[in-house]
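Going by our numbering, the first residue of the sequence shown is number 21, and it counts up by one from there.
Just so you know, the hints here were simulated from the structure itself, not pulled from any lab data. Just so it is clear, CB atoms sit at the ideal spot from N, CA and C, and this is done for glycine as well. Any given hint might turn out to be false.
Said to hold, decoys possible - Cβ pair distances, simulated, as ranges: (1) Gly59 to Ala37: 42 to 50 Å; (2) Gly38 to Arg66: 24 to 32 Å; (3) Gly59 to Met21: 34 to 42 Å; (4) Asn70 to Pro33: 42 to 50 Å; (5) Asn45 to Thr80: 32 to 40 Å.
What the hints assert, rightly or not - Think about it this way: if two alpha-carbon atoms lie no more than 20 Å apart in a straight line, the pair counts; the simulated SDA-like pairs of lysine to any residue are: (6) Lys56 to Ile75; (7) Lys56 to Arg72; (8) Lys56 to Arg81; (9) Lys56 to Pro68; (10) Lys56 to Thr80; (11) Lys56 to Ala69; (12) Lys56 to Ala78; (13) Lys56 to Asp40.
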Amino acid sequence: MQRLAATLETWWPAIFAGLDTGYSNARSEGYNRLAKHVGRDAFGFRNPANQRRRIRWACTRQHRRATAVMITLPG
Numbered sequence: 021m022q023r024l025a026a027t028l029e030t031w032w033p034a035i036f037a038g039l040d041t042g043y044s045n046a047r048s049e050g051y052n053r054l055a056k057h058v059g060r061d062a063f064g065f066r067n068p069a070n071q072r073r074r075i076r077w078a079c080t081r082q083h084r085r086a087t088a089v090m091i092t093l094p095g
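Take the sequences, apply the hints, and build the full model.
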């Protein structure tokens with residue numbers, strides 16, 4: 021409990037700022053996760069430019085969110 025309290029005390033200004041403003045870095049963290057995942061899939065590319073292009077394409081697809089919303093499970 022003391023360790024948790026010390027961590028919260030250290031990070032409290034940042035925690036409070038996030039709660040107060042409502043801003044989050046969730047979008048950038050999501051893109052970072054997506055870029056790492058696609059980068060791992062594209063690891064076999066011989067041309068680094070093609071690997072970067074594939075990551076950029078995956079992070080900028082506009083239909084990704086719309087497709088995820090439209091998919092419904094049967095039943």
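- Task: Determine whether the Cβ-Cβ distance between Asn45 and Thr80 falls within the hinted range of 32 to 40 Å.
- Result: Since Asn45 and Thr80 have Cβ atoms about 19 Å apart, the given range 32 to 40 Å is violated.
- Task: Compare the distance between the alpha carbons of Lys56 and Asp40 with 20 Å, and conclude whether the hinted pair is satisfied.
- Result: With Cα atoms ~31 Å apart, Lys56 and Asp40 exceed 20 Å; violated.
- Query: Given the hint that Lys56 pairs with Thr80, does the C-alpha gap stay at or below 20 Å?
  - Reply: holds (14 Å)
- Keeping to a limit of 20 Å between CA atoms, is the pair of Lys56 and Ala78 held or broken? Given that 20 Å is the threshold and the Cα spacing comes to 11 Å, the pair holds.
- For the pair supplied as a hint, Lys56 and Pro68, is the alpha-carbon distance within the 20 Å limit? holds (14 Å)
- Message: Need the status of pair Lys56, Ile75: alpha-carbon distance at most 20 Å?
- Response: holds (8 Å)
- Hinted pair Lys56 and Arg72, Cα distance within 20 Å: holds (11 Å)
- Is it true that Gly38 and Arg66 lie within 24 to 32 Å of each other by Cβ? violated (42 Å)
- Check the following: the C-beta atoms of Gly59 and Ala37 are separated by a distance inside 42 to 50 Å. violated (31 Å)
- How does the Cβ-Cβ distance of Gly59 and Met21 compare with 34 to 42 Å: does it lie in that range? holds (39 Å)
- Message: Hinted pair, alpha-carbon criterion (20 Å max): Lys56, Ala69. Please report holds or violated.
- Response: Holds, at about 16 Å.
- Hint says 42 to 50 Å; check whether the CB-CB distance for Asn70 and Pro33 agrees. holds (43 Å)
The structure shown violates the earlier hints numbered 1, 2, 5 and 13.
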